[in-house]
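Engineer: Sequences listed follow chains A, B and C, in order. Note that the working numbering has the first sequence beginning at 1, numbered continuously upward. Note that the working numbering has the second sequence beginning at 1, numbered continuously upward. Note that the working numbering has the third sequence beginning at 1, numbered continuously upward.
Don't read these hints as lab results, they were simulated from the structure. Incorrect hints may have been included.
Claimed, not checked - Covered stretches of chain C, going by a simulated chain A footprint (3 or more residues, C-beta under 8 Å):
1. 57 to 70
2. 77 to 87
3. 163 to 175
4. 178 to 191
5. 231 to 245
6. 260 to 273
7. 284 to 294
Unchecked claim - Covered stretches of chain A (chain B as the covering partner; in silico rule of three or more C-beta atoms under 8 Å from a C-beta of chain B):
8. 177 to 191
9. 203 to 214
What the hints assert, rightly or not - Listed next, the in silico EDC-like pairs over lysine to aspartate or glutamate satisfying Cα-Cα at most 20 Å (straight line):
10. B:93 x B:121
11. A:167 x C:28
12. A:179 x C:27
By construction, the Cβ of each residue, glycine as well, lies at the ideal position given by its N, Cα and C atoms.
Chain by chain, the residues run as shown.
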Amino acid sequence: MMIKKAKRADKIATIVICFFAMLIVAILVGLLGFIIVRGLGHINWHFLTSAPQMIRGGGGIGPQLFNSVFLLILTLIITVPLGWGGGIYMAEYAKPGKITNVIRLVVEVLSSFPSIVIGLFGLLVLVNAFGLGFSLLAGAMALAVFNLPLMVRTTEQAFRAVPKEQKEAGYALGLSKWKIITSILLPVALPSLITGTILASGRIFGEAAALMFTAGMSSPPLDFTDWNPLSSRSPINPLRPAETLAVHIWKVNSEGLAPDAKEIAAGASAVLVILILCFNLGARWLGRVAYRKFTAAKRID
Amino acid sequence: MSQAFGTEHLSVFYGDFEAVKGISLEFPAQSVTALIGPSGCGKSTFLRSLNRMNDTISQARTTGHIWMNGSDLNDPATDVIKLRQQIGMVWQKPNPFFKSIYNNIAFGPRYRGMKKKKQLDEIVENSLRKAALWDEVKDRLNESALSLSGGQQQRLCIARALSVNPNILLLDEPASALDPVSTGKIEELISELKNELRIVIVTHNMQQAARVSDYTAYFYLGKMIERDKTDKIFTNPENKLTQDYISGRFG
Amino acid sequence: MGQMGKSTSLNHNDMKKSKRREKHYWEEWVGRIYTSICVVLLLVVIVSIVFFVSSKGLATFFENGVSLKEFFTGRTWNPDESFGALPFITGSFAVTLLAALIAGPLGLCAALFMTEILPGRGKRILQPAVELLSGIPSVVYGFIGLSVIVPFIRDYIGGQGFGILAGCLVLSIMILPTITSIMADALASLPGGLRESSLALGATRWQTISRVVIPTVLPALLTGVVLGMARAFGEALAVQMVIGNAPHVPGSLTESAATLTSTITLSMGNTAMGSVHNNALWSMALVLLLMTFVFVILVRLLERRNRI
Numbered sequence: 001m002m003i004k005k006a007k008r009a010d011k012i013a014t015i016v017i018c019f020f021a022m023l024i025v026a027i028l029v030g031l032l033g034f035i036i037v038r039g040l041g042h043i044n045w046h047f048l049t050s051a052p053q054m055i056r057g058g059g060g061i062g063p064q065l066f067n068s069v070f071l072l073i074l075t076l077i078i079t080v081p082l083g084w085g086g087g088i089y090m091a092e093y094a095k096p097g098k099i100t101n102v103i104r105l106v107v108e109v110l111s112s113f114p115s116i117v118i119g120l121f122g123l124l125v126l127v128n129a130f131g132l133g134f135s136l137l138a139g140a141m142a143l144a145v146f147n148l149p150l151m152v153r154t155t156e157q158a159f160r161a162v163p164k165e166q167k168e169a170g171y172a173l174g175l176s177k178w179k180i181i182t183s184i185l186l187p188v189a190l191p192s193l194i195t196g197t198i199l200a201s202g203r204i205f206g207e208a209a210a211l212m213f214t215a216g217m218s219s220p221p222l223d224f225t226d227w228n229p230l231s232s233r234s235p236i237n238p239l240r241p242a243e244t245l246a247v248h249i250w251k252v253n254s255e256g257l258a259p260d261a262k263e264i265a266a267g268a269s270a271v272l273v274i275l276i277l278c279f280n281l282g283a284r285w286l287g288r289v290a291y292r293k294f295t296a297a298k299r300i301d
Numbered sequence: 001m002s003q004a005f006g007t008e009h010l011s012v013f014y015g016d017f018e019a020v021k022g023i024s025l026e027f028p029a030q031s032v033t034a035l036i037g038p039s040g041c042g043k044s045t046f047l048r049s050l051n052r053m054n055d056t057i058s059q060a061r062t063t064g065h066i067w068m069n070g071s072d073l074n075d076p077a078t079d080v081i082k083l084r085q086q087i088g089m090v091w092q093k094p095n096p097f098f099k100s101i102y103n104n105i106a107f108g109p110r111y112r113g114m115k116k117k118k119q120l121d122e123i124v125e126n127s128l129r130k131a132a133l134w135d136e137v138k139d140r141l142n143e144s145a146l147s148l149s150g151g152q153q154q155r156l157c158i159a160r161a162l163s164v165n166p167n168i169l170l171l172d173e174p175a176s177a178l179d180p181v182s183t184g185k186i187e188e189l190i191s192e193l194k195n196e197l198r199i200v201i202v203t204h205n206m207q208q209a210a211r212v213s214d215y216t217a218y219f220y221l222g223k224m225i226e227r228d229k230t231d232k233i234f235t236n237p238e239n240k241l242t243q244d245y246i247s248g249r250f251g
Numbered sequence: 001m002g003q004m005g006k007s008t009s010l011n012h013n014d015m016k017k018s019k020r021r022e023k024h025y026w027e028e029w030v031g032r033i034y035t036s037i038c039v040v041l042l043l044v045v046i047v048s049i050v051f052f053v054s055s056k057g058l059a060t061f062f063e064n065g066v067s068l069k070e071f072f073t074g075r076t077w078n079p080d081e082s083f084g085a086l087p088f089i090t091g092s093f094a095v096t097l098l099a100a101l102i103a104g105p106l107g108l109c110a111a112l113f114m115t116e117i118l119p120g121r122g123k124r125i126l127q128p129a130v131e132l133l134s135g136i137p138s139v140v141y142g143f144i145g146l147s148v149i150v151p152f153i154r155d156y157i158g159g160q161g162f163g164i165l166a167g168c169l170v171l172s173i174m175i176l177p178t179i180t181s182i183m184a185d186a187l188a189s190l191p192g193g194l195r196e197s198s199l200a201l202g203a204t205r206w207q208t209i210s211r212v213v214i215p216t217v218l219p220a221l222l223t224g225v226v227l228g229m230a231r232a233f234g235e236a237l238a239v240q241m242v243i244g245n246a247p248h249v250p251g252s253l254t255e256s257a258a259t260l261t262s263t264i265t266l267s268m269g270n271t272a273m274g275s276v277h278n279n280a281l282w283s284m285a286l287v288l289l290l291m292t293f294v295f296v297i298l299v300r301l302l303e304r305r306n307r308i
C-alpha cells in the first residue's frame, strides 16, 4: 500500500516538474516568437535610420539606435578601467579581513540597488550638482555605477581562475606583482573578461530606468555630417541629451501619440532583443576564440 | 664562485605551526644539494623560503638568516624582486606562461631592460641550449608553450629560470610528474648545470638524490636530521632516523 | 663566478640601496594605488548614494513637516496637501510577494528538472532558455505585458486589465531566470552521495527530493527567492507600464494600482526640485533603498544558515 502510494506520488511529482519546466521553455519561445514576429514586419532600412515622428506615423528609431550604441561605448570607457581595477584589487591585493568584508558588502549592496535609484542619484548629483544636464555623459556615468559591481565581480572571478602556478613562476623570475598581473595573469584572464564585459554590455544596452533622468528622454535633431564633439547638433557631443532605444520603447508605449506607436514599439523591441541576443551569442563565441588564441594556439606573439 | 650561500637558524611558521625548525645548512659552490625526507617534513617549505617565495603567503612567517656573500637575504630591507632575479626556481608541475616558447624565455630579460632583438634571440637560444631543448623547438619558437609535452615544458621552465642568469637554482621535485625518459634528461641537465651554478633540489626519489647530488640533507618533522656528502648519507649515515629512511623502513 | 660578472649580477649591497630608484619599485606602487583608487571610488559612490537619497528623502519629514505616520499609513496621495504613500507601499509589496509566489515554485521545478530529473539533457535545454530570458530588457517585458497580458486579463478575467495581477505576472517572468539559476546552482552543489544513499534505502525520487534534497538546500533556495524579490521590488518600467498607475489601495487584483517605483518614474520629471511633492518622491526612493538593505541582510542571514 505505502509503496504503491509513494510510487504514485513520485510519478505525479515528476510529471508536474516536467510540465512546469517545459512551460518555461514555452514561455521563452512564445516571448521571443512574439517579439520577433510582431516586430520583424516593421523593421526595414527606413525604420532603422530615420528620425522618430511625434504625431504622424512612419517614424523611425535611427537616432535612438545610434544613442544606444554610443552610450554603450562611453559607458564601457568608464567602466572597464574602473571595474577591472576593482576586480584586480579584490583578487590580488585584498587581504582577508574586515576591510575586505566591507568592500564585498558594498559591492553586493551596490549591485542590488534598483536601477531607478541609481538614475535618481544621477539626476541629483550628475545632472544637477555637477551641472552636466541631461546628457550622454551623465547617462554613461549612471550606467557605470549600475554596472561596476558586476564588472568587479566578473573580473575578480576571472583572475582567481588563473592557475596560481602562473603567479609563482612570475615571482620566482623576479617580476614585480604589477608586472605579473598585467603581463602574465591578464592575458590568461582575458577570455573570461571579454565574455563578462560583453554580457554586461547587453545589460547596459537594455537598461532604461537609470537613463530616464540622466541621459534624458529626448533627442535633439542630429546632424550626422557634423562630427565636431563640441557642436550641439553633433551626434558625438557627449553633453547633449540622448534618448536610447530602451527609453524610446518605454516612452512610445506610455505616452506615444503617433498612430503607429504600437508598431514602433514592436519594431524597436525586436531590434533591441535581436541585438542583445547577438551580444550573448557573440560573448560566448568570442570567449571561446580568445581562449583558444591565448592557450593552445599555433602562433602567438 | 667563492661566495657563500646558506641558512642559519631558519624557521618558517604557518600561523602557530612551525613547519621548518631552525635549520642551518650550507650550500657549497658548484655542487648539487639534495633535500630528502618524508612528505610534510618541511623540505619544500624550506626550499621556498630560500628565495622568499613564502612572502607571498600571508600566513607564513620566516625567522633566522639566509646568508649570501655575507649579507642576510631574510632582512626585511632586502629587495625581494632583485633577490629572486638571482635565484631561479622550478616546480614539480611545469608552469610555462600562456605565451609562445620564445616569449616564455625572453620575458625575464626583456623585463630587465633588454630590448635588442639580437641580444634576446641570443639569450633565448643559449637558455634553450643549456636546458637541452633547443634542437627540439628551434623551428617552432612562436608556437604556444602549452603545445609542448610535459617533459619539454619542464625543460622550458628550467630554460626560463636560466634566462636571467641566476647563480642559484632551486628545484622542487622537478621530475616527479614526468616519464622516465624526461626524468633522465632533467637529471643529465642538473649534472651539467652545476658547473655554472649552485643547485638545491627537493626530491622524493632517493635514487635520484643519489644519482644527481653531491650533498644530501635529510629532513624529518621540520628538522634537519643529518647532512653530509651524498655517498656518506647513502652508505653510512650517522643517525638512526636517516638510516631507517634510506633503507626504506618508513617514509 | 663567470656568470655573475656580467651586467645582470648585483651584490647584496646593491639590492638594498637601489630600492628607491628601481623600475619595479614604483611599478608596484602604480598597481597598488590604481586598484585602490578603483575600490575607494566604489565606496565613495555608495556612501554618496545613501547620503544624497537620505538627505532628500528625510527632508519631507524634517523640513516639510509631513509626519511619518501620514507617509506610511495615509491612504490619500494628493500632490498639493496629503502625502500618504500607503497605496504605493502596498502595491510594491503586493506585486513583489505575488511574483515570488508564482516564480518561486516555477523556478524550483525548472531547477529540479535541470539537476534531478534530466541532469544532462534538461540542463542543455533549460540553461540557455534561462540565460536568454534573463537578457531580455525590462522595457521589452513591459511591452509584452502591455500587448499580451493586459488584453488577456481584460478579455477573460475582467476589469481594465491593468493592475496588480498584470504587474505580478510580468514580474514573475522577469525574476524567473534569477531564481532558477540560483536554485539550480544550489541543487548542483549538493554532494552526490546524499541522493544515492537515500535512493539506496528504497526511497523514490520524489521522496528523495522532498525529504532529503530540498530540506538540505532550503536556505540556498530561499536565497534565490529573496534575490528575485529584490529585483521585483526595485523594477520600475515594466511594472509601471502594466499596473495602471492609480494612487489608491486597490480592492481587487484587476483594479488599477501603483507602486513606489511606478510613481517615481511617472512623477519625478513633472515636479520641481525642492517642492514637497518632489521630496515625497525622494522619500519613496529612500524606502526602496532601505528595502535593498533588508534584502541584502536577508540574503546574508540565509547564507549563514547555509554554511552550518
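Engineer: Now tell me, hint by hint, if it's right for this structure.
Structural biologist: To see whether the hints hold, each was checked on the structure:
1. Judged by the Cβ-Cβ criterion of 8 Å, the segment 57 to 70 of chain C is not covered by chain A as claimed, because only 0 of its residues qualify and three are needed.
2. Proximity of the segment 77 to 87 of chain C to chain A, defined as three or more residues with a beta carbon under 8 Å from a beta carbon of that chain, is not established by the 0 residues found.
3. Residues of the segment 163 to 175 of chain C lying with their CB closer than 8 Å to a CB of chain A number 1, which falls below the three-residue condition for coverage.
4. Judged by the Cβ-Cβ criterion of 8 Å, the segment 178 to 191 of chain C is not covered by chain A as claimed, because only 1 of its residues qualify and three are needed.
5. Chain A is given as covering the segment 231 to 245 of chain C, and this holds because 7 residues of the stretch bring a CB closer than 8 Å to a CB of that chain, at least three being needed.
6. Check on the segment 260 to 273 of chain C: 6 of its residues sit with their Cβ under 8 Å from a Cβ of chain A, so the three-residue criterion for coverage holds.
7. Three residues within the 8 Å Cβ limit are the bar, and the segment 284 to 294 of chain C against chain A gives 5, so the coverage statement holds.
8. Residues of the segment 177 to 191 of chain A with a Cβ under 8 Å from some Cβ of chain B number 5, which satisfies the need for three, so the listed coverage holds.
9. For the segment 203 to 214 of chain A, the stated coverage by chain B is not satisfied: 0 residues place a CB nearer than 8 Å to a CB of that chain, which falls below the threshold of 3.
10. Under the criterion of a C-alpha separation no larger than 20 Å, the hint pairing residue 93 of chain B with residue 121 of chain B is inconsistent with the structure, at around 27 Å.
11. For the given pair, residue 167 of chain A sits about 15 Å from residue 28 of chain C by alpha-carbon distance, which is consistent with the 20 Å threshold.
12. Distance restraint check for residue 179 of chain A and residue 27 of chain C: the Cα-Cα separation of roughly 8 Å lies within the 20 Å cut-off, and the hinted pair is therefore satisfied.
Hint violations for this structure: numbers 1, 2, 3, 4, 9, 10, all remaining hints satisfied.
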